[in-house]
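J.: Each chain is listed here by its residues.
There are 2 protein chains.
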Amino acid sequence: MTVHRFLLELQKAQAEKNSVLCVGLDPALPSQRSRDVIPQSYATLKDENEARLKFCTYIIKETKDYACAFKANLHYLSGFRTEDHQALTKAIKDSGCVSILDCKLNDISETIQAAIFHFRRWGYDSITFNPFLGNLEAVLRVSRQESPELGILVLTLTSNPEARRYMKESYVSQGKPLFLAIAEEVKALGADGCIVGATGWVSEEDIKAVRRILGTDRAILFPGIGAQAGDPEKIVRAGRGGLLIVNVGRSIIYAPSPKDVAKHYARNLNALMLKET
Amino acid sequence: MTVHRFLLELQKAQAEKNSVLCVGLDPALPSQRSRDVIPQSYATLKDENEARLKFCTYIIKETKDYACAFKANLHYLSGFRTEDHQALTKAIKDSGCVSILDCKLNDISETIQAAIFHFRRWGYDSITFNPFLGNLEAVLRVSRQESPELGILVLTLTSNPEARRYMKESYVSQGKPLFLAIAEEVKALGADGCIVGATGWVSEEDIKAVRRILGTDRAILFPGIGAQAGDPEKIVRAGRGGLLIVNVGRSIIYAPSPKDVAKHYARNLNALMLKET
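As given, the protein sequences belong to chains A and B, one line each in that order. So the first sequence is numbered by the numbering used here: it starts at 1 and just counts up by one. So the second sequence is numbered by the numbering used here: it starts at 1001 and just counts up by one.
Hint data in this document are derived by calculation from the structure and do not stem from the laboratory. Cβ atoms here follow ideal geometry from the backbone N, Cα and C, with glycine treated the same way. It cannot be assumed that every hint is accurate.
Coverage of chain A stretches by chain B, computed from C-beta distances (three or more under 8 Å per stretch; other residues unrestricted) [what the hints assert, rightly or not]:
1. 49-63
2. 129-136
Okay, the calculated beta carbon distance ranges per label pair [as the list claims (entries may be wrong)]:
3. B:1271 / A:204: 41 to 49 Å
4. B:1189 / A:270: 37 to 45 Å
5. A:90 / B:1093: 44 to 52 Å
6. B:1083 / A:30: 29 to 37 Å
7. B:1233 / A:137: 24 to 32 Å
8. A:204 / B:1173: 46 to 54 Å
9. A:242 / B:1083: 39 to 47 Å
10. A:162 / B:1045: 43 to 51 Å
11. A:96 / B:1208: 53 to 61 Å
12. B:1189 / A:189: 41 to 49 Å
13. B:1033 / A:11: 42 to 50 Å
14. B:1173 / A:190: 29 to 37 Å
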């Protein structure tokens, strides 16, 4: 059985920080949209990459005492050079947290190899993976050929309404909903965990079903708390009794005091974990 | 009804070049793998981005007379700055061909907006999209808010063996295979086309079923000819009578004479198109 380096480091960070909070690093440029963008003091820097990198390292410094992980979305970092990614992952490592590159990788095996080559060099601890094209086995094989291995978190059930049709109301041959077939594959092949939405039509029972399949030693990553209005109580009730990571993005990083908001979420999640069912 | 700018430009390029060939730009660094890497003359350049960009512009110059499109895989271009992407798309535009960014986009709507903001600025004519998370409608809306609009090609049925379980042997509520439900969504929402594998278990009947749903005025992009050993006869037989794009990557770009191999594929595909059924 493979030692899950990523999961061990995550557990260590969670114990040290006393937090299951993951902060989403999604730095938007002011030319990109009208609100939730990086502050003017960074945006005025001539180099876009430098501006986004400095903003991210500021957020890491502000929130690191209340977070166990940082999740950087690849699309928000579009145009980052290898050196920029390396500076970002170093800042995360120095903060005592683990890094997740949210790239939703999905490709044929040759390209998966190319992608993982670059992601490893960039220094990320783990990545997100979309299983629709298959290839989970290939991703795990490639990610473990290198040392240290890269953690793999698999999109299993997401919370946007249209996804319902493909993930929950689609059935594999034996009549099982697709999302449960994916969770079983994650468990059987030894990936590091599942990504499960926390809003709208994803029910507490859906999350519990994923947890039952995964067991307690694999992670469930929940995006969608904060601006996306996911229900933290539902998540914690259904997902506890095993490793969990709760991501909050915009409502922390664009707040006047990211530190205060991160602290609030971390404490609130801890209180929910201790609450009687 | 939206005018499909991308499809019009594709048709124009196909008529001018008398070719349905798309050349896959997947520049691998020598440190990345043992074979099929960019030649030493480029690799010795100090800057990795410059090395890959120069190699790609060489391939474009060599093969442009026999190609209608160039498909650049985002993972092989990992670390490219905005300026590098802009130089690449300019070279493609100057060659009279259309550009496809093979990014297999899949994300929630906020991030889709971020991704499309960057892809548009980079200058690509179209992108590939993975529908597993839903959001096809959001992608189309965002891509058409900007002018010129970005073409959207949707992964529908891919040829790696594991995908069979999720795309062909999974059924949406009314008992329809998932890949046909996706093709219907592409048609109904007005995306630019479908991506269908050409190897292994994808049958001629599967491709014909996608073509029947799409009609003749949407594209089918076939990856997987050449190194991936897809069957060009099957593709052409099943996909003709409508817009088609056939991608060849490694077997052209790493050949001693990319020009000769591109010419061979373009002519071979044209001959198959004229062949009696």
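J.: With reference to the structure, classify each hint as holding or not holding.
T.: How the hints compare with the structure:
no.	hint	in the structure
1	49-63	violated (count 1)
2	129-136	holds (count 7)
3	B:1271 / A:204: 41 to 49 Å	violated (59 Å)
4	B:1189 / A:270: 37 to 45 Å	holds (43 Å)
5	A:90 / B:1093: 44 to 52 Å	violated (37 Å)
6	B:1083 / A:30: 29 to 37 Å	violated (19 Å)
7	B:1233 / A:137: 24 to 32 Å	holds (30 Å)
8	A:204 / B:1173: 46 to 54 Å	violated (23 Å)
9	A:242 / B:1083: 39 to 47 Å	holds (45 Å)
10	A:162 / B:1045: 43 to 51 Å	holds (44 Å)
11	A:96 / B:1208: 53 to 61 Å	holds (56 Å)
12	B:1189 / A:189: 41 to 49 Å	violated (33 Å)
13	B:1033 / A:11: 42 to 50 Å	violated (33 Å)
14	B:1173 / A:190: 29 to 37 Å	holds (32 Å)
Comparing the model with each numbered hint stated earlier shows that hints 1, 3, 5, 6, 8, 12 and 13 do not hold.
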